[in-house]
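Enquirer: Next come the chains, spelled out residue by residue.
4 protein chains.
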Amino acid sequence: MLYFENDYSEGAHEKILKRLYETNMEKLPGYGMDRYSASAKEKIRKSCGALEADIYFLTGGTQTNKTVIAGILRPYEGVVAAVTGHVSVHEAGAIENSGHKVLGILEEQGKLSASAVRTYLETFYGDENHEHMVFPGMVYISHPTEYGTLYTKRELEELSAVCREYGIPLYMDGARLGYGLACPETDVTLRDVAALCDVFYIGGTKVGALSGEAVVFPRNNAPAHFLTMVKQNGALSAKGRLNGIQFDVLFTDGLYLEISRNAIETAEALREILREKGYRFYLENPTNQIFVVLENEQMERLRKEVVFSFWEKLDESHTVVRFATSWATRMEDVKALEKLL
Amino acid sequence: MLYFENDYSEGAHEKILKRLYETNMEKLPGYGMDRYSASAKEKIRKSCGALEADIYFLTGGTQTNKTVIAGILRPYEGVVAAVTGHVSVHEAGAIENSGHKVLGILEEQGKLSASAVRTYLETFYGDENHEHMVFPGMVYISHPTEYGTLYTKRELEELSAVCREYGIPLYMDGARLGYGLACPETDVTLRDVAALCDVFYIGGTKVGALSGEAVVFPRNNAPAHFLTMVKQNGALSAKGRLNGIQFDVLFTDGLYLEISRNAIETAEALREILREKGYRFYLENPTNQIFVVLENEQMERLRKEVVFSFWEKLDESHTVVRFATSWATRMEDVKALEKLL
Amino acid sequence: MLYFENDYSEGAHEKILKRLYETNMEKLPGYGMDRYSASAKEKIRKSCGALEADIYFLTGGTQTNKTVIAGILRPYEGVVAAVTGHVSVHEAGAIENSGHKVLGILEEQGKLSASAVRTYLETFYGDENHEHMVFPGMVYISHPTEYGTLYTKRELEELSAVCREYGIPLYMDGARLGYGLACPETDVTLRDVAALCDVFYIGGTKVGALSGEAVVFPRNNAPAHFLTMVKQNGALSAKGRLNGIQFDVLFTDGLYLEISRNAIETAEALREILREKGYRFYLENPTNQIFVVLENEQMERLRKEVVFSFWEKLDESHTVVRFATSWATRMEDVKALEKLL
Amino acid sequence: MLYFENDYSEGAHEKILKRLYETNMEKLPGYGMDRYSASAKEKIRKSCGALEADIYFLTGGTQTNKTVIAGILRPYEGVVAAVTGHVSVHEAGAIENSGHKVLGILEEQGKLSASAVRTYLETFYGDENHEHMVFPGMVYISHPTEYGTLYTKRELEELSAVCREYGIPLYMDGARLGYGLACPETDVTLRDVAALCDVFYIGGTKVGALSGEAVVFPRNNAPAHFLTMVKQNGALSAKGRLNGIQFDVLFTDGLYLEISRNAIETAEALREILREKGYRFYLENPTNQIFVVLENEQMERLRKEVVFSFWEKLDESHTVVRFATSWATRMEDVKALEKLL
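From first to last, the protein sequence lines are chains V, P, S and R. For the first sequence, the numbering used here gives the first residue as 1, with consecutive numbering after it. For the second sequence, the numbering used here gives the first residue as 1, with consecutive numbering after it. For the third sequence, the numbering used here gives the first residue as 1, with consecutive numbering after it. For the fourth sequence, the numbering used here gives the first residue as 1, with consecutive numbering after it.
Among the clues, some could well be false.
Remember, identical chains collapse to one label, so a pair may be satisfied in a single copy or spanning two.
[To be verified] Here are the simulated BS3-like cross-link-like pairs (lysine-lysine), alpha carbons at most 27 angstroms apart as the crow flies:
no., residue 1, residue 2
1, Lys27, Lys15
2, Lys18, Lys335
3, Lys27, Lys335
4, Lys277, Lys313
5, Lys27, Lys304
6, Lys339, Lys18
7, Lys304, Lys153
8, Lys43, Lys15
9, Lys27, Lys313
10, Lys339, Lys27
11, Lys43, Lys27
12, Lys18, Lys313
13, Lys277, Lys339
Don't read these hints as lab results, they were simulated from the structure.
I would like the entire structure built from these sequences, with the hints used as guidance.
Expert: Now the structure itself:
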């Protein structure tokens, strides 16, 4: 069986496991006060060019989104997000559970445009009844998006400019940030992200770690007592070393980007194969998720030998499916898939 | 430096790390749908004598308490707990953040008595204004308690009987459950816990795992769509294998109890030393936490060579401190401590 | 100055004020336990043909929607509503503040169709990832809608059928219910509403009362301890007599429908005038709200002598405005407006 | 039957009803934007000596407490209150429902002392684990308290000083504020309250209004967008005139204090009677609530002719009951009661 189901099918990069082994019996303080967490934060600060950054390690994407958003907003505020955003659809209402509305706006292939955000804000403040409505209190984007698409640096600058004009933070969900940064096409660096966003997280779970997301407030701008809110959201690990050590390894000698590149290269190879064989792409993107339209019978046939994701029904006889590569995908598996396509 | 600070100072039991290594590159489905999670659940069911049990793996104690309590209660209900209970004081208001009051009642050395619970319930329903008050919707106990004390089987039976009489679930926080079950003094088995509680969790983080708590609804009695509520609380791991593999190892060949016994034996040895040397115990308990009264100067002296926890100020010149042992404590460290005492 | 701004510009119907006066110094128990509340409930039960109905008096629409919705849903559920529904846009996020997502779906002139609801439900349950999404736990409709439109009996039957098929309650926001029931065009009676909905409220604030909404669970189907949840939502009046007396008057000798008819007749007269004068209606509806497209300069001119509501900008030179009549609108004011149009 | 059950048994002071009548058909804007609300606010500002005060009219005590507390606190904060405080016990968990813990501390006859608050704050910040605990974010007091007791000006100054030292607001629940201010014994004026508290409310429901509480932020210090939070809590009346007119009347020519005095005088007369007849007071207080210990048989006998409140069981044969007077109590009823005692 070949696996292209998602980017969290394997455990962790072997260097991470090795380091967990080596450090296993060291006695370390809990709750992220250990030296490995400190070292990881320092390395991340340097990579971000944000030496004053406040950094917190949490354990999963939904948890991180909920904690960050609820930690920043006031009760009368909601978060502006694409209607296709992870917080809008696939977090079981975690944001609303924290008391805040997700203010969904239309997107293009998963991306929010600065002009759509501006229009939303202008319309809101222009509405005579806006005091009876939920105030837009921050803007959420994902990069790569849920469709694997990427913002350009220019687009991020424009989004950032609108947010700053209105005095609301720009938050980037970087569950797959590595796969975005490692794309040859992108002109966005981690430093750009840190300069343009007010808070973002660097995803570990989907990029080589067993678990773990690093939340970065790049300008020493974490809300007061954010640690207590992390605890309140059930997101503070007693064995903080687990996240700390993993990020320390990922940010040593550029490992995070290096392993991300493998996902991009294998995805690119698979994309090339699909293109040659005349497959129809549901949409184009340069990262590790490939959305293809399959004829239903063909899909069923393929399913017997390959694991991939159902995305959505396109019409009676066609289905959109997703092939995902990851830090762990081997080129030989791409080649094996080629034979089946 | 000697470490007796807590029971989560090290990483994981070596068998766990070894198994993570061996299984690392297996491609497994996410969100706990993997074979190791299934195997772990089956082993836990057998250990509990609860073949119909619904089991979920979460990642930390506060997260678990919040998810379970909020998942069971209706909005008009709160949870009855000892005023010293973890949910009452040390979870940063996680329960209230989910909308529910912790109804604190007085305890004895961390334990709730059935008669105190009964009195609370009788008084509540006897109050003509009780419809203007928070209904007691479940009872929370910890075992061992925050003071390391244990319920007897008889005490659990009585608590269970009161809860059943009033139709409210009894929930046991088993963050350190192994250390309770491994005590020679206890007459409470895991089967008793499963028979007498309506939901409980088996703690992994403090008993040899990197992270992970196993929530058990012993009679197929999980609330509808509990998985969705786990997700909503940010407690559903994409790489569910991490928790699954760890519990699979812990529940193979009795490892969970075996490593718990080490904590009890080293604690007992240390207790004996303290007793011989005439130290005053703040309270007596048979598990892995030892609460001792130190004279302040002595405490400061000791602190230079031993890490332990400040518990509370007793009077101007004395302090209560805690020494904790764990699955990882070595007898040689106890002996080294003996020389310093 | 002429006033067609809304349907809550005046105080209360004079019979209500008179009754408040007459009963003012009677000593009555609080919290709705008084005889007038009991009498009002009995009259409403009869009007609804629902002799087993549970009835609660609350004080405003948003409060009522929040209390009912939060009182019914489980944490993993949200409420399906039109994207234009009051709960979706004009309640300052009250529903989300209670922890629940409003699942907005497209509407036609404010109305949800049974087929749109069915498609939503089918798509939801057909989605392989639906356990990571918010479950549709009830359906919210308003009648009349925010656009003054009405459901036919057939449409309500279809909606009710879908809801029952999926086992989720149908909730009707009847802030302006009287104005719907009093329309000559409608084939929907209060008995139909009670038979087809699982919970609804009869609006008082906009239909002749100083304040007050009557929540009806027509088949003795209020959630357990709903009174406590009313209290918890700050919606339980100490002087419950205020709501009780008002509804007792409104449901004596058909006053509620009688005064509603005045709004419909004056609206119909105004509509006729507008039609004759060639005004363009933004949409057609048979109730007390009239949505008209005005050329901007004309609007500004009119504003000097008439108070009406801005609804939305149509294009650069045109605006949609709303004229509302009510139980208190006098035909002579309609005639005065005629001269200005 | 004689009624001494509570202070909300009657409707409204006749001047209020009269004014509602006179203004009934005036067409006024909704949501508190009417001229009577403006006038009432101006009068309250003057009475408070707080010309910059932000004032909002809400509709009941629990609603007001919930809206104010949730509107001020950050998620990691709770409210310090007496364990006997209304927010602690008799609001059905409204505060917790908004996500915040009520941090109960011991009181003396319903009063919090500055020293108890200081100790709480010092202990909290002195605890090494306080970042895992709920931060004390404001202090709640009621004046008169639930036991009818009053703070002295000195006591309020001390409480205010502690709060300011720690940078947390002092909030006074004034559900019965009039009855406190009208006591001959008190040295606390409304100006003192405005000077020493950061937010408080002037109760209408229990002091002559049909409903209504006036929230005062005396130094233009309402939280941003408090109106939106009032709406979100279901506490914004469409017919804001109802509250506005009532408070406008209550604050014209000193009516609020004048009618409060009646409650105090009748209470004092009743107290004198009870004293002479040798009744035992459960506690002493100078306001409109009288707590007396009755022998159970005597209580049952009295119940046949007098309505009063059960307070609590004292022992097997004695019960604490409450007699309450109000703005509406007539001296002749006190005399009639005298004969029965």
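Enquirer: Give me the numbers of the hints this structure contradicts, sorted from smallest to largest.
Expert: 2, 6, 7 and 12
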